[in-house]
Amino acid sequence: MSKVSKEVKVMSAQEAVERFVFDGAIIGIGGQNVSRCAVALAHEIIKQGKKDLTLTGCNLSIHMDLMVGAGLVKKCESGLGGQGKFGATFQFKRAIEEKRMEAEDYDHLTMVSRFLAGEMGIPFIPVRGLMGSDILNYQAASTKKKFEIINDPWNQGEKVLLVPAMEPDVTIVHVQKADEIGNVLIQGIASHEPELIRASKTTIVSCEEIISTQFFRSNSDYTTVPYHYIDAVVEQRFGAYPTATYGYYSFDADHINYYQQCSRAGGEEYKKYLDEYVYGCETFDDFIEKCGGVKKLNHLQREMVRLM
Amino acid sequence: MSKVSKEVKVMSAQEAVERFVFDGAIIGIGGQNVSRCAVALAHEIIKQGKKDLTLTGCNLSIHMDLMVGAGLVKKCESGLGGQGKFGATFQFKRAIEEKRMEAEDYDHLTMVSRFLAGEMGIPFIPVRGLMGSDILNYQAASTKKKFEIINDPWNQGEKVLLVPAMEPDVTIVHVQKADEIGNVLIQGIASHEPELIRASKTTIVSCEEIISTQFFRSNSDYTTVPYHYIDAVVEQRFGAYPTATYGYYSFDADHINYYQQCSRAGGEEYKKYLDEYVYGCETFDDFIEKCGGVKKLNHLQREMVRLM
Amino acid sequence: MEKQYSDNYTREELMAIEASRFIKSTDTVILGTGLPMVAAIFAQKTHARGINFVVESGSIDPILPSVPFTVADPIIGYRAIKTGSLREVLGCLVQRGLVDIGFLGGAEIDQFGNINSTCIGDPQNPKVRFPGSGGANCIASCVPKILIITQHEKRRFPAKVQFITSPGYIDGPDGRKKAGLKVTKPEIIVVTDLCVMDIDASTGRLKVTKLMPGITVDQVYQNTRFRPAVSEHMGVVEPPTEDEVRILREEVDPKRVYLKDCPKTPR
Amino acid sequence: MEKQYSDNYTREELMAIEASRFIKSTDTVILGTGLPMVAAIFAQKTHARGINFVVESGSIDPILPSVPFTVADPIIGYRAIKTGSLREVLGCLVQRGLVDIGFLGGAEIDQFGNINSTCIGDPQNPKVRFPGSGGANCIASCVPKILIITQHEKRRFPAKVQFITSPGYIDGPDGRKKAGLKVTKPEIIVVTDLCVMDIDASTGRLKVTKLMPGITVDQVYQNTRFRPAVSEHMGVVEPPTEDEVRILREEVDPKRVYLKDCPKTPR
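Protein chains in written order, with the numbering used here: chain A, 1 to 308; chain B, 1 to 308; chain C, 1 to 267; chain D, 1 to 267.
Because the hints were derived from the structure by calculation, they are not lab data. Keep in mind that the hints are not guaranteed to be accurate.
[To be verified] Just a sample of chain C residues kept apart from chain A, beta carbon distances all over 12 angstroms, derived:
1) Phe22
2) Lys45
3) Ile215
4) Ser231
5) His233
6) Met234
7) Asp261
[Stated by the list, open to error] Pairwise CB distance ranges, derived in the manner of DEER restraints:
8) Glu148(B) with Asp200(C): 31 to 41 angstroms
9) Lys182(C) with Glu148(B): 18 to 28 angstroms
10) Phe215(A) with Lys255(C): 31 to 41 angstroms
11) Glu18(B) with Phe215(A): 38 to 48 angstroms
12) Lys127(C) with Lys3(B): 40 to 50 angstroms
13) Lys178(D) with Glu158(A): 23 to 33 angstroms
14) Lys182(D) with Glu158(A): 25 to 35 angstroms
15) Asp200(C) with Lys159(A): 18 to 28 angstroms
16) Gly280(B) with Gln124(D): 34 to 44 angstroms
17) Gly97(D) with Phe215(A): 20 to 30 angstroms
[What the hints assert, rightly or not] Listed next, the in silico EDC-like pairs over lysine to aspartate or glutamate satisfying Cα-Cα at most 16 angstroms (straight line):
18) Lys145(A) with Asp152(B)
19) Lys127(D) with Glu102(B)
20) Lys177(D) with Asp152(B)
21) Lys178(D) with Asp152(B)
22) Lys178(D) with Glu158(B)
23) Lys24(C) with Glu7(B)
24) Lys178(C) with Glu158(A)
25) Lys295(B) with Asp285(B)
26) Lys127(D) with Glu97(B)
27) Lys144(B) with Asp152(A)
28) Lys159(B) with Asp174(D)
29) Lys24(D) with Glu7(A)
30) Lys178(C) with Asp134(A)
31) Lys159(A) with Asp174(C)
32) Lys182(C) with Glu158(A)
33) Lys182(D) with Asp152(B)
34) Lys177(D) with Glu158(B)
35) Lys177(C) with Glu158(A)
36) Lys144(A) with Asp152(B)
37) Lys127(C) with Glu97(A)
38) Lys99(B) with Asp122(D)
39) Lys145(B) with Glu104(B)
40) Lys145(B) with Asp152(A)
From a predicted model like this one, the values you see are computed outputs, not experimental measurements. Even glycine gets a Cβ: it sits at the ideal position worked out from N, Cα and C.
Let the hints inform the model, and build the full structure from the sequences given.
Laid out in C-alpha cells, this is it:
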C-alpha cells in the first residue's frame, strides 16, 4: 500500500469527519487566535459527537473552546488556550478548573519544534526554552514522558532539553485555496501549520476555494504543502467564520463577543449557544446565514479589502 | 550592538569578500550540481587568495572545485563532491587522493539537518540515516566529534543518531533576486539554501537583479529569506555561469566540459585555466565576455525560456 | 529648543512611552498585543524609526499603520517583508538569538522577574487557569532584553510567583545558568504605573530605578509583596511632551484599542 | 492480443524496462539521474501513470517531458506541484517514510546489498575517491524498496564493499536492526545486464531470481566475486515489446542522454 495518494479527495465535511476523525484521536488544529480557525470542521466534529479527543496546536482558540464546551475533549496539549483581546477560552478554563479535562502545557516554540520533529520523521528535538520554568515541573497524569534533559555531547557542561515529536492522528485546518487532490496554498501568516500538516498521520483541509491543479503546476514556488500530506479537501466558503481568513474576510467581533458572553456564562446559556448555532444548523452555510448571512459577509469582506 | 541590520548592503564582490571572508573561515556554499552555483563569488575568493578554507554544503560542485584547485581549501564537509553527468570534481578528487585536503563525509539529509539545527539555534539534531554505514566509522583528523548515538528516551531499546549543528562563518549563494537591504527571492528549487543562509554567521548573496523592497512588501508570501540574515548584496548578472540560474539562463555544457577537461588533466593545463579564466579576468563580466559574451548568453537565455 | 511637556496624559500612556524609551532604532523587537504594541509602534514613529518588528504568528517586519487587535489580526502581516511561519519567528529568529527585545506580560511577576501566565493555586489542581505560555517562555528564555509593562498591584507582585511560566532570574543571580539557559543575564525592565524596576544582575532581583511623577518609594512598597531594592540614584520618569501624546493618540492607537483611559480623539 | 516482442533492443534498454516493472502506479519514487530516470519516466509513460516523482534538490511531482540531464537540471522543476527544498524532500518525505521506492547506484555493490560510492582503498587514505553519498545514504536508510540498475562487472560485485556508503543488509539478515535502522527489511532489487537479484530477507543476501535472455547462471557467477544463491523458480526477464522500445527511444530519452548504445531516433 502506498502512503501517498494523488486521487481526487474532495468530499463534504460530514464525510471527511466520518472517515478520518475517531473517538480518542489526537487532533491537530490549525489557525491562531482570530485567524483561520477551522471552525466549520470543528462544528462537524461536534455534530458527530466524536469523543475523548486530545487537541494539540499552538494557540488553541474558539474552535478548541467549542469542542471542549461540547464535552468531547479529554486533554489539550498546546502552547496556549485563549483568544487574546477577546479574553479567555472560558470552556477550556472552566474544564481545567473543574478537573474535567487535562492540560499539558508547553510553549509555542516547543510545540512547533515537536511538529517539526514529526514532519522530519525524527523521534525528538532539542529546544532552548522551558528550562528553569515550572512547565517542566508539572505534567498531565496521562502524559508518559514530557521531556528529557541530557548533557550536550558537543558542549561540555551544558544541558540540553529534548522534547518528543508530535504526530497528530488527524489535523484540521482551514486555508485559502486547495485543489481537488489536496495541494494547499496558505496566504499570509502560516503560523505552525506547514509543520503541523506534514507531521500528521492524516489531514482534513477546508478551503475558501478549490482551484485547479494547473495553478499549482504553474506557480510551484508558492505551494505551501503538496498533496502528499492531505487526505480530504472540503470546500467551505467562510469556513473559518467567525474568525478571519486573510484575503477573504475579517473576523466578526460581534459574534465572537456573543460567543464569549455565552461561554463565560456557561451552563444553560452555553448549551443554548451550541443548540442554536451548532446542533441547530444542518450545514455550516446555515450557521453563516443565521449569523447575518450575505449582509454580514459583505461587511467582513469589505473590512478585509481595506486591510490589503 | 544589534545583530540585524536594515541598512543598504549593496557592494561589489570584491568589497564583500574583503569584508566577510577570512583565512581559515568555514564557508557555506549554495547551488547544486549545474544550478545556481555561486561562481562569481568563488572567483573573487580565489582572486583574493583567502586560504585554509573549510567548504560546507550539500552538493559541492564547480565552485568548490575551483577553490580547491586554487589551493585554498583545507577541508570539505559535505554530502557529495561531484558534477553528475559532467563527471567528478577532479580537483576535489585529486586533492583527497593526494592527501592535500581533508574530506568529512556526511550525506545530504544530514547536512541539511545540521543547517536546520543551526538556523533553529539548537546544538544538534537527530537523523535517521548514517547508522550502519562506514560514514560513521571514519572521520577527518581535524573533526572533533562527528556524531553521537544515544538511547531514544521515548522508545525503549532504540538508538538515535545525533549530529551537530553547522553554522558556517560566511555563506556564499547566488540567487535570482534580492533587494538592497538583503531580502532574497529564490525561484525554482531551493535546495539546502534557506537553512544554510539562516544558519550562517554572515552571508554574501549575489543576484541576477536587485529589485525594490516594495516588491517584497507587496509579495510577502514569496520572500525566501528576509534581510535579517544577509550581510552583503552583490549584483552580478550571470553570476552562476557556467551553471544555470532558473528563469534566467541554462548551464553552458561547452564551458563545463572544457573546465572538466582542464581539471581532469590537472597540472599546467589546470593552471592555465585559472590564469586565463579567473586570475586573468579583472571582473566577472570580463570572464563572461571571454566565454562567449552576448552571443553565448543569448543562447543560454533562449534555452532557459524553452524550459519554462 | 525646550521640550513642551504635556500635563494631559494618563498613567497608561506614560507607561507605554517610558517603555518605548528602552528601544533603539537598530533593534529587532518581538511583539505581543496590548500596551507593548503601543510602546513599540510609538517608538517606531518617534525615536526608533529603523526598528523592525516580528510577531510570533509569522509576520516579519510589517508596517503597522496603527495597533493591531491581536497577534493574529490579519493586519499583522500588513506590508511585511515576509509573512512566514511561527517556526521562522520563534525558531529561526528568537531561539537563533537574533531578536534584541521581547515584550512580556502576565498575571504575576516576582522579585526575580519570573512571570506567571499559567495558573493560580496548585498547578495540578488550579484554582484559576490563565491562557498559558504562548510564545512567552521562549522569548523569556532566549532574548537578552525583556520589557514588561503592567499595573502595579499587590497581587501582581508576589515574592514568588505560583507558577514560573517564563523564567526571570528564577531564584537568584545564577538561577538561569543553573537551569541551563544560554542567556544567563538578560536585562529585565518592568514599567508600572508607579515605577520602573530592573534586575540587578548581582542579586538577580528587581530594583527600583525610577519613580513615576508624584509617586513615592513608600507607595511602591505598599503595592508590592516583596521589598525591592532601590537605586542610590533614583530618577523620575520623564513626562511625555505634547507632541508625544498627540502621536500616541492620533497615530498609534486612534481607535483606543489599548489606551482605554484616555479621551477619544475628537474627529 | 499477443505481445509483439522486439528483437531490436540493447541491454541497457532492457535493464531500464525491467527495473520499471517494479514500479506501481501509486508509488512515490525518489529519482537520481542516469538509467533510473529512464526507468521511472518509462514507467510513468506506460503502466504506472499515477506515479509521482520527487527529486532530492526539491522538486516534487514534476512533469518530465523527457529525461533531465542531472538532478539539478533546471528542467527538473518543470510543472512541478512544488519546487521546494532539499529538506522537504529528504526530510519531510524520505525520512518521514512517505517515499515508496528509491533508485540507487554506486561503484560497488556487495552480497548484502551494501553500496559504495565513496572510495576505493583505505578510507583514511583512499586510492580512488568517488563523489560520496549525496542523498543515497538517507534513501537506503529510510525507503522500503530500493532499485539498483548497474552493469554486471566483477569489480562492481565484491563480497564486501570497501566502504559502506549506503547500507543494504550490512552483514546479514539482522544487520540493519542491529545498526539501529528503522526500516529493517527493505526490498532491494538489483537489475544488471546479466540478471535480476533481490535480497532474501532470511539470509540478508542477494539471490538471483531472473536471468537476462540468453544468459546462464555460470555467466553470472563468473562476473560476481561472491556466489549468489539462485532461486528455485528461476525466471527469464521478459523482453520489451516493439511499442516499449519505441516509447523508450522516442519519448523517454530521444536525445540519448542515457541510452548511449542504442541507435539515434531517425528524424
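Hints and how they fare:
no. : hint                                         : result
1   : Phe22                                        : holds, 23 angstroms
2   : Lys45                                        : holds, 19 angstroms
3   : Ile215                                       : holds, 28 angstroms
4   : Ser231                                       : holds, 26 angstroms
5   : His233                                       : holds, 31 angstroms
6   : Met234                                       : holds, 30 angstroms
7   : Asp261                                       : holds, 16 angstroms
8   : Glu148(B) with Asp200(C): 31 to 41 angstroms : holds, 39 angstroms
9   : Lys182(C) with Glu148(B): 18 to 28 angstroms : holds, 20 angstroms
10  : Phe215(A) with Lys255(C): 31 to 41 angstroms : holds, 37 angstroms
11  : Glu18(B) with Phe215(A): 38 to 48 angstroms  : holds, 45 angstroms
12  : Lys127(C) with Lys3(B): 40 to 50 angstroms   : holds, 42 angstroms
13  : Lys178(D) with Glu158(A): 23 to 33 angstroms : holds, 31 angstroms
14  : Lys182(D) with Glu158(A): 25 to 35 angstroms : holds, 29 angstroms
15  : Asp200(C) with Lys159(A): 18 to 28 angstroms : holds, 26 angstroms
16  : Gly280(B) with Gln124(D): 34 to 44 angstroms : holds, 38 angstroms
17  : Gly97(D) with Phe215(A): 20 to 30 angstroms  : holds, 29 angstroms
18  : Lys145(A) with Asp152(B)                     : holds, 12 angstroms
19  : Lys127(D) with Glu102(B)                     : holds, 14 angstroms
20  : Lys177(D) with Asp152(B)                     : holds, 15 angstroms
21  : Lys178(D) with Asp152(B)                     : holds, 15 angstroms
22  : Lys178(D) with Glu158(B)                     : holds, 10 angstroms
23  : Lys24(C) with Glu7(B)                        : holds, 15 angstroms
24  : Lys178(C) with Glu158(A)                     : holds, 10 angstroms
25  : Lys295(B) with Asp285(B)                     : holds, 14 angstroms
26  : Lys127(D) with Glu97(B)                      : holds, 6 angstroms
27  : Lys144(B) with Asp152(A)                     : holds, 14 angstroms
28  : Lys159(B) with Asp174(D)                     : holds, 15 angstroms
29  : Lys24(D) with Glu7(A)                        : holds, 15 angstroms
30  : Lys178(C) with Asp134(A)                     : holds, 15 angstroms
31  : Lys159(A) with Asp174(C)                     : holds, 15 angstroms
32  : Lys182(C) with Glu158(A)                     : holds, 9 angstroms
33  : Lys182(D) with Asp152(B)                     : holds, 12 angstroms
34  : Lys177(D) with Glu158(B)                     : holds, 10 angstroms
35  : Lys177(C) with Glu158(A)                     : holds, 10 angstroms
36  : Lys144(A) with Asp152(B)                     : holds, 14 angstroms
37  : Lys127(C) with Glu97(A)                      : holds, 6 angstroms
38  : Lys99(B) with Asp122(D)                      : holds, 12 angstroms
39  : Lys145(B) with Glu104(B)                     : holds, 11 angstroms
40  : Lys145(B) with Asp152(A)                     : holds, 12 angstroms
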